[in-house]
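Protein chains: 2
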Amino acid sequence: MSVKNMDDLPLEPLSVGAKTSKQVLISDQEGPNFAMRRFVIEAGGFMPMHTNTVEHEQFCIGGKAKVIIGDEKVIVQKNNVVFIPANVPHCYKTIGDEAFEFLCLIPNQEDIIEIVDDPE
Amino acid sequence: MSVKNMDDLPLEPLSVGAKTSKQVLISDQEGPNFAMRRFVIEAGGFMPMHTNTVEHEQFCIGGKAKVIIGDEKVIVQKNNVVFIPANVPHCYKTIGDEAFEFLCLIPNQEDIIEIVDDPE
Numbered sequence: 736m737s738v739k740n741m742d743d744l745p746l747e748p749l750s751v752g753a754k755t756s757k758q759v760l761i762s763d764q765e766g767p768n769f770a771m772r773r774f775v776i777e778a779g780g781f782m783p784m785h786t787n788t789v790e791h792e793q794f795c796i797g798g799k800a801k802v803i804i805g806d807e808k809v810i811v812q813k814n815n816v817v818f819i820p821a822n823v824p825h826c827y828k829t830i831g832d833e834a835f836e837f838l839c840l841i842p843n844q845e846d847i848i849e850i851v852d853d854p855e
Numbered sequence: 736m737s738v739k740n741m742d743d744l745p746l747e748p749l750s751v752g753a754k755t756s757k758q759v760l761i762s763d764q765e766g767p768n769f770a771m772r773r774f775v776i777e778a779g780g781f782m783p784m785h786t787n788t789v790e791h792e793q794f795c796i797g798g799k800a801k802v803i804i805g806d807e808k809v810i811v812q813k814n815n816v817v818f819i820p821a822n823v824p825h826c827y828k829t830i831g832d833e834a835f836e837f838l839c840l841i842p843n844q845e846d847i848i849e850i851v852d853d854p855e
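Respectively, the protein sequence lines represent chains D and H.
If you're matching positions, the first sequence starts at 736 in this note's numbering and goes up one per residue.
If you're matching positions, the second sequence starts at 736 in this note's numbering and goes up one per residue.
Next comes chain D alone, as it looks inside the complex (with noise of 0.2 Å):
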């Protein structure tokens, strides 16, 4: 079945940060390259900063957020496109009574996630 409604398939909660939830559209299985997932954070959630050894390529599909990338204080909401560097900690924090909803894909190599220090 090449196509899926994004609604049909499992949002899976999040032990990080508060509010936040993981969806795979596409997995590194059926990808033979990359994956597409749907990350969503209820109004009032977050997600810590952090660092991932490979890189997100993204696109915000609703809400709107507070995201520190590196140096970079951004506000990003639907339509936004996102960069985030290999190694480069980043962080998410809701703002307004909207989820925060954005597809996130990464190339199919290993993840190592750590959780850094918040500058704030």
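Hint data in this document are derived by calculation from the structure and do not stem from the laboratory.
Check each hint, because a few of them may be wrong.
Where chains are identical, the list cannot tell them apart; a pair therefore holds if satisfied intra-copy or between any two copies.
[Said to hold, decoys possible] Calculated pairs, DSS-like style, for lysine-lysine (alpha carbon to alpha carbon, straight line, at most 25 Å):
hint	residue 1	residue 2
1	K739	K828
2	K801	K739
3	K828	K801
4	K813	K799
5	K813	K757
6	K828	K754
7	K739	K813
8	K757	K739
9	K754	K801
With chain D held as given, fit chain H onto it using these hints.
Quick look at chain H alone, frame taken from chain D:
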């Protein structure tokens, strides 16, 4: 700059099919492993049956289209996830009066595109 607004990026008309255009969101120079593009097919437009030598990972962000992928005929609409393996013929034809818009990610590998006969 890690964040871009989709609407600030150039949307280039394509010479294949009808009413088709392409926007590079994260180029193969920016992403070390794969590139993120957005395709728009205006209402009444189509992309003819073709093959690529790389796989596609797609996410529909708006509109509706009849899509053929190999032997499958499917309707694709907002929040649908589509995986098209390398070398499998596929085509798109919009349905309704909205533009069909989708993200399409491909690995940073040579992509040879070949137009093939449409079965219809």
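Checked hints:
1. K739 / K828: The answer is between: 18 Å across copies meets 25 Å, while 29 Å in one copy does not.
2. K801 / K739: Answer is between; shortest inter-copy Cα gap is 14 Å, intra-copy 30 Å.
3. K828 / K801: within (5 Å within a copy, 38 Å between copies)
4. K813 / K799: both (7 Å within a copy, 20 Å between copies)
5. K813 / K757: both (18 Å within a copy, 19 Å between copies)
6. K828 / K754: Classified as within; 10 Å inside a copy, 39 Å across copies.
7. K739 / K813: both (22 Å within a copy, 11 Å between copies)
8. K757 / K739: both (16 Å within a copy, 23 Å between copies)
9. K754 / K801: The answer is within: 15 Å in one copy meets 25 Å, while 36 Å across copies does not.
The structure meets every hint from the earlier list without exception.
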